[in-house]
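Our numbering applies: residue -12 is where the sequence shown begins, and numbers increase by one.
It is worth saying that the hints were derived from the structure and are not from the lab.
Computed from a predicted structure; not experimentally measured.
All residues carry an ideal CB built from backbone N, CA and C; glycine is no exception.
Be careful, since some hints might not be right.
If you anchor each label on the Cβ, the simulated ranges turn out as follows [said to hold, decoys possible]:
hint, residue 1, residue 2, range
1, P33, L10, 21 to 29 angstroms
2, M172, E51, 44 to 52 angstroms
3, G173, K47, 38 to 46 angstroms
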Amino acid sequence: LYSAGVVPVGNDQDQHLELTRTLARKFNRKFDEVFVEPKPLHTPLPRVMSLDDPSRKMSKSRPEGCLFVDDEPEVIEKKIRRAVTDSGNEVKRGQDKPALNNLLSIYSNLSGKSIKEVEVEFSGRGYADFKKSMAEVVSKYFENFRNTKAKLMNKPSTLTKILEEGSAKASKLADKKLAEAKSAMGLGL
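Just need the whole structure built from these sequences, with the hints factored in.
This is the structure:
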């Protein structure tokens, strides 16, 4: 409805986007080119695993293993400090270290450093130092969002206005696209 050319998705959502692409393609072939076939946009970190169980995907239904963008720095620090790590204490990626690999991936993506750079930075320093630094990186990464949310939550009328304007824009785009689809099918308006 909104003619998005790309849609950010996790690799576990590809099948849903593929269904959308198939429906758009079939409609466009049968009637007219109305709908865009959106392409997936995969992030460098397609699936973030839980902090407390690296075999499971991070999920809001398990808050103790999930980092929320509005978590306060103290909460982020507590969750990361409690995050599962693998045996040993060397901060180095390995096939037998799913928990550490997960933490390294998160750190790397949010800090902009390569995993190799992170390994070098924490060489000989152990998990405690790594987790402390990771908590700072995560907290800083989400800081702007947290601050913006706090400001908006203190101004309900501004928040309502933003939501209403966004809803009006979305409705206008959707109505236009639906009118195009009806016209392509020969359904009078």
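Q) Does the Cβ distance between M172 and E51 fall inside 44 to 52 angstroms? A) holds, 50 angstroms
Q: Confirm or reject the claim that G173 and K47 have a C-beta distance inside 38 to 46 angstroms.
A: holds, 44 angstroms
Q: Kindly confirm whether 21 to 29 angstroms is satisfied by the beta carbon distance between P33 and L10.
A: At roughly 24 angstroms between Cβ atoms, L10 and P33 fall inside 21 to 29 angstroms, so the hint holds.
Checked against the numbered hints above, the structure violates none of them.
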